[in-house]
Amino acid sequence: MNQLKRYFLLISVMLYGAIQSFAAEAKQRFPKPEFDTGYVQPHTTAPSPRYMLLQYFDVLVLLIVLSVVTWFVLKKRSRKGVFWTSVFSLLYFGFYREGCICSIGSIQNVVLGMVDPTYAIPFTALLFFLLPLIFSLFFGRTFCAGACPLGAIQDIVAIRPIELPKWIQKVLGLIPYLYLGLAVLYVATKSEFIICRYDPFVGLFRFDAPYNMLILGILFLAVGVFVARPYCRFFCPYGVLLGWMSKFSSRHMTITPAACIQCKLCSNSCPFGAIDEPVVETGKRRSNVNRLMTYFVLLPLWIGIGGFAGSMMHVPLSRFNQTVYLAEQIIEHPEVKNDPKNIDVRTFMSSGKSTEQLVQEADTIRRQFYWGGWLLGGFMGLVIGTSLINLSKFRKREDWEPNKTNCLSCGRCMDYCPVKKEE
Amino acid sequence: MSDKKEPKSIERRRFLRSGMQMALAVSLGGVAGVSLLKSTSKDLVWQIDPFKCVQCGRCADECVMTPSAVKCVHAYDLCGYCDLCGGYLKPDANARTTAAENQLCPTAAIKRQYIEEPYFEYVIDESLCIGCAKCVAGCTSFGNGSLHLQVRHDRCKNCNDCSIARVCPAEAFQRVPADTPYLIKGGFTKGGNSEDKLKKG
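Here the protein sequences come in this chain order: A and B.
Under this note's numbering, the first residue of the first sequence is numbered 807, with each subsequent residue one higher.
Under this note's numbering, the first residue of the second sequence is numbered 168, with each subsequent residue one higher.
Just chain A, with the same shape it has in the complex (with noise of 0.2 Å):
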């Protein structure tokens, strides 16, 4: 009889959920039974995460990882040395802890932690920020020789490098600020972490990702055995941020250990291209001031068009922003609110909100798209204007020396060098 009545009472059950199909709510519908024969009931099992411990580990190994790497560029000299950081680099930051977490992906906590009033950025991962980039204040862009193991993954492969045109080198080496500017911007509308989503190596690292992340890692490495660490030079955001403390770095790399002996032997060594000439000023001093000082000049109105250009992208650039994509949709394909397939708008129709509320949400995200475009624009124009600046510029050098902000201090020049340490 018991099961006769709980059998009618799933049936009325089931045609009301039928008809309340997306408006489900979790209800006590069927009490728990008591049993008479001594059922136990099994535990929901919990299992933990990662020991908490094991993340501070993980910042005393980066620690101790870069101060070696620091001492075999610096102190030893040796490129052996930095290569085999590196490889421990590549198993333990990539292969073990598989790509999570690293310093590049950790911008984009800093900002969010700045932003977001309900996310409080965890203290290693603050570190995991921090740390490359004071060691490379001081000493250059170590971390990159030997601790990021997505430097280590293309470093192993660069087997065939050739040299780029400079002026390809300039051009894309743009993106990396844009890539910045664009990871800043998404974190600060709290759209995305597009690093985290195009981080070309994770996939590998893993031995598991989807198909567009593989494809993605294999590119990048196929292109990497002519092009020397395409990703670092042409894309990382990271290395931005590197770049500009290394510039300033006190005790940088340097090729030789004594006094250069002009023998070039080192610009042929380095597949980054990331070794300045000795320059003389050529043409007249008086026209190359003026160019100097017209680029001064037009440093604002770079920024002003960037800024503007950057502000009238706040449409497409939004698009990307679920909220604002979503809202988009609706009002621009009403059917779509009958289209069963799609999730995103079956979600929206059941949870109770109005479109006017979407809206209303998806116009605040567009605004702060609308200002952020300015930054982001302007911050471009910045960029461009800075190295039209550093282009005409004539810093006299007399000798070979690496260029502070691009040098990784991998180290192959110093091989390379027939100058030997003066005892």
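Note that these hints are calculated values from the structure, not bench results.
All the pointers check out, no bait thrown in.
Here are the simulated lysine-lysine pairs, DSSO-like style, with alpha carbons at most 27 Å apart:
| hint | chain 1 | residue 1 | chain 2 | residue 2 |
| --- | --- | --- | --- | --- |
| 1 | A | Lys-1226 | A | Lys-1070 |
| 2 | B | Lys-219 | B | Lys-209 |
| 3 | A | Lys-1143 | B | Lys-219 |
| 4 | A | Lys-1090 | A | Lys-972 |
| 5 | A | Lys-1199 | A | Lys-1090 |
| 6 | A | Lys-1227 | A | Lys-1070 |
| 7 | B | Lys-257 | B | Lys-278 |
| 8 | A | Lys-881 | A | Lys-1226 |
| 9 | A | Lys-882 | A | Lys-1227 |
| 10 | B | Lys-219 | B | Lys-257 |
| 11 | A | Lys-1202 | A | Lys-1226 |
| 12 | A | Lys-1147 | B | Lys-257 |
| 13 | A | Lys-1090 | B | Lys-175 |
| 14 | B | Lys-357 | A | Lys-996 |
| 15 | B | Lys-357 | A | Lys-838 |
| 16 | A | Lys-1202 | A | Lys-1227 |
| 17 | A | Lys-972 | A | Lys-1202 |
| 18 | B | Lys-175 | A | Lys-1202 |
| 19 | A | Lys-1090 | A | Lys-976 |
| 20 | A | Lys-886 | A | Lys-1226 |
| 21 | A | Lys-1143 | A | Lys-996 |
| 22 | A | Lys-1199 | B | Lys-175 |
| 23 | A | Lys-886 | A | Lys-1070 |
| 24 | A | Lys-996 | B | Lys-205 |
| 25 | A | Lys-1227 | A | Lys-886 |
| 26 | A | Lys-996 | B | Lys-209 |
| 27 | A | Lys-1147 | B | Lys-219 |
| 28 | A | Lys-1159 | B | Lys-357 |
| 29 | A | Lys-882 | A | Lys-1070 |
| 30 | A | Lys-838 | B | Lys-257 |
| 31 | B | Lys-219 | A | Lys-1159 |
| 32 | A | Lys-1070 | A | Lys-1199 |
| 33 | B | Lys-219 | A | Lys-996 |
| 34 | B | Lys-209 | B | Lys-357 |
| 35 | A | Lys-1199 | A | Lys-976 |
| 36 | A | Lys-972 | A | Lys-1070 |
| 37 | A | Lys-838 | B | Lys-219 |
| 38 | A | Lys-882 | A | Lys-1226 |
| 39 | B | Lys-278 | A | Lys-838 |
Because the structure is a prediction, the values reported are computed rather than measured.
Starting from the structure of chain A, add chain B where the hints point.
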């Protein structure tokens, strides 16, 4: 001697360089300071709020892990031990048996076990579960909602940006402190009878 010979331009360069170095150090310190104000010593992990989940099925497809790190868990305290289980049987099942044709679960990850008349126990075999939420939808619509999805931390890689969270239509994913990593249902409403949660403590 050599100090005196150093040209003015080199001296100026050194001064500018160390000045910029100081400025960068100060700005790094500023970033660190602002972040530290709100920093947490605890690490964060991802978890699903079962009361926000709409069982869309994306957890099965979007996770970087194959199969997904999201699995169905069973809050036994909430289960009605029904014979006609909305989470176990297809709506059009022609018999209440364990036959494959009657099962809602595409991987037969739910084990149905007879206890006593008329009650049946349902246990999830997590090695088979792919996190598709079909059973969760059935149980939530027709039953008590004791079956629900949770991120299983023995499988979760704790990606910085969870790839499921990015596409979750209900914004059910959230970061929770790593020492209380689960949001297992303890009542029929959010924040309701939290007996079960306390036990996990």
